[in-house]
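Novice: Chains as they are written, first to last, in this note's numbering: chain D, 160 to 434; chain C, 160 to 434.
The reader is advised that the hints may include incorrect statements.
Note that the list lumps identical chains together, so a pair holds whenever it fits in one copy or between two copies.
The calculated SDA-like cross-link candidates involving lysine to any residue, where the alpha carbons are at most 25 Å apart (straight line), are [claimed, not checked]:
| no. | residue 1 | residue 2 |
| --- | --- | --- |
| 1 | 355 | 368 |
| 2 | 355 | 179 |
| 3 | 221 | 430 |
| 4 | 316 | 216 |
| 5 | 221 | 165 |
| 6 | 221 | 163 |
Simulated from the structure, these hints should not be mistaken for laboratory data.
There are 2 protein chains.
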Amino acid sequence: MQRLEHRACFGGWQDVYRHDSKVLGCEMTVGVYLPPQAEHGPCPVLYWLSGLTCTEQNFITKAGAQRYAAEHGIILVAPDTSPRGESVADAEGYDLGKGAGFYLNATREPWARHYRMYDYIVDELPAWVEANVPASGVRAISGHSMGGHGALTIALKNPGRYRSVSAFSPIVAPSQVAWGQKAFAAYLGEDREVWKAYDATELVAHAQEKLPLLIDQGGADEFLQNQLRPELLQAACEAAGHPLELRLQPGYDHSYYFISSFIGGHIAHHAEAMR
Amino acid sequence: MQRLEHRACFGGWQDVYRHDSKVLGCEMTVGVYLPPQAEHGPCPVLYWLSGLTCTEQNFITKAGAQRYAAEHGIILVAPDTSPRGESVADAEGYDLGKGAGFYLNATREPWARHYRMYDYIVDELPAWVEANVPASGVRAISGHSMGGHGALTIALKNPGRYRSVSAFSPIVAPSQVAWGQKAFAAYLGEDREVWKAYDATELVAHAQEKLPLLIDQGGADEFLQNQLRPELLQAACEAAGHPLELRLQPGYDHSYYFISSFIGGHIAHHAEAMR
Numbered sequence: 160m161q162r163l164e165h166r167a168c169f170g171g172w173q174d175v176y177r178h179d180s181k182v183l184g185c186e187m188t189v190g191v192y193l194p195p196q197a198e199h200g201p202c203p204v205l206y207w208l209s210g211l212t213c214t215e216q217n218f219i220t221k222a223g224a225q226r227y228a229a230e231h232g233i234i235l236v237a238p239d240t241s242p243r244g245e246s247v248a249d250a251e252g253y254d255l256g257k258g259a260g261f262y263l264n265a266t267r268e269p270w271a272r273h274y275r276m277y278d279y280i281v282d283e284l285p286a287w288v289e290a291n292v293p294a295s296g297v298r299a300i301s302g303h304s305m306g307g308h309g310a311l312t313i314a315l316k317n318p319g320r321y322r323s324v325s326a327f328s329p330i331v332a333p334s335q336v337a338w339g340q341k342a343f344a345a346y347l348g349e350d351r352e353v354w355k356a357y358d359a360t361e362l363v364a365h366a367q368e369k370l371p372l373l374i375d376q377g378g379a380d381e382f383l384q385n386q387l388r389p390e391l392l393q394a395a396c397e398a399a400g401h402p403l404e405l406r407l408q409p410g411y412d413h414s415y416y417f418i419s420s421f422i423g424g425h426i427a428h429h430a431e432a433m434r
Numbered sequence: 160m161q162r163l164e165h166r167a168c169f170g171g172w173q174d175v176y177r178h179d180s181k182v183l184g185c186e187m188t189v190g191v192y193l194p195p196q197a198e199h200g201p202c203p204v205l206y207w208l209s210g211l212t213c214t215e216q217n218f219i220t221k222a223g224a225q226r227y228a229a230e231h232g233i234i235l236v237a238p239d240t241s242p243r244g245e246s247v248a249d250a251e252g253y254d255l256g257k258g259a260g261f262y263l264n265a266t267r268e269p270w271a272r273h274y275r276m277y278d279y280i281v282d283e284l285p286a287w288v289e290a291n292v293p294a295s296g297v298r299a300i301s302g303h304s305m306g307g308h309g310a311l312t313i314a315l316k317n318p319g320r321y322r323s324v325s326a327f328s329p330i331v332a333p334s335q336v337a338w339g340q341k342a343f344a345a346y347l348g349e350d351r352e353v354w355k356a357y358d359a360t361e362l363v364a365h366a367q368e369k370l371p372l373l374i375d376q377g378g379a380d381e382f383l384q385n386q387l388r389p390e391l392l393q394a395a396c397e398a399a400g401h402p403l404e405l406r407l408q409p410g411y412d413h414s415y416y417f418i419s420s421f422i423g424g425h426i427a428h429h430a431e432a433m434r
């Protein structure tokens, strides 16, 4: 592993590492924010999954999350959104291939070899984090858009693994919207039964653990009606008796201006759950 | 004028405008953050001058300043760093020409026609702001690196115009460092007497108003020894009896991670002065 960046920030350090991922078959970059408390002992970790087109840079430069992580003594881990490199398959368009891993394990070619972001986020990345930074093993997960889909599905599929989960503007029902249908068809094939394993709106019906879902959604989000459709998850949660706090924030769009405005509340929520 | 961006942020709006600048002979973009208090009446304005290579985007996306501006009810105005457009002269390198206006009025060709950032920041931009957004006419000024140089020199040259001034990692003595010498020779010619009009370390000796200077400087800043040299301003302030609070922040570099860590304190400082 290699440390690419090391920058003082709010009394701690915003680092970026490159490490070998066996699961993905490539090198991966990951942002790690160490709060000042990490100098004195292990801290809990909030994993942040970014959205389409992002790398680890978007969250670490734009969300303003370090301030709150420093206040609460939380490590922030922000990985890249897909495998990378010349050997990794890609596609035209921003919503498939590099930058668009959708946090699943692909089963179809040419994707199956590298596109295993689900296993990377659930297993390999936490193992790497807990071996290499002062992480306590207490975890929470959050994300934005495609990364909100990742956070919700990963938390729902792994009871006991995360103390809390939240999302900003998540793709809650990928099987029912164009972004998800394009990606799932390519990565998983046409059998829609298979898709259910990566669809939060399907997963809440069978969730073994009633981990409360916290979601903020901008009311002026340009993708709200066609790609995000939080009402589908809301209905599924009501039917399943799954706790959901869905907050519609009038006027806010899909950008990091929205995330930065509410990330403080999410970090406080995760800090409380991880205490 | 044209509004290019309009994004909800911390209860207010992060806007970006394009407007015609007569002084610069081109269109200019400028970021304007309106805090929630601006809905109810005029607010004081903090002008932010960015550094080499920046546009209005760097500060508005990376500094995390909107949170504090919303708390204190301050408008943030972040202009671009130079004239722009096909008719505007440029040069090889990041430290001359576009993105490197140095907040002065150029007198040499090919720069003199468009490179008049001093007049733009001192006169035309505030006039535009006060005519087009709910600004009270109470002003403060801050900036980073080349923009810290701009903030210090403009405040020192215009007594009574700003309630307060601060800077992050400013170029305090451009006449004595490579960045400044290259730019001043090109924009102003070889006569070093002329340079003194745009050099904070020279200007403090004759400042009519003893406006206190607040400066944060990262101790691990890669430009500290060769380009920034705050000790030169410190000595000049001591000789002139000019109030200066120079804070060396160990470990911090020249990036927006540094700015974001301390911008809250600067905004509180300006808010107090503008109250």
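Novice: Each hint should be assessed against the structure and marked as holding or not.
Specialist: Now for the hints, and whether the structure bears them out:
1. 355 to 368: The answer is within: 18 Å in one copy meets 25 Å, while 69 Å across copies does not.
2. 355 to 179: Result: close neither inside a copy nor across copies, 30 Å intra and 54 Å inter.
3. 221 to 430: both (21 Å within a copy, 24 Å between copies)
4. 316 to 216: neither (27 Å within a copy, 39 Å between copies)
5. 221 to 165: both (17 Å within a copy, 17 Å between copies)
6. 221 to 163: both (18 Å within a copy, 19 Å between copies)
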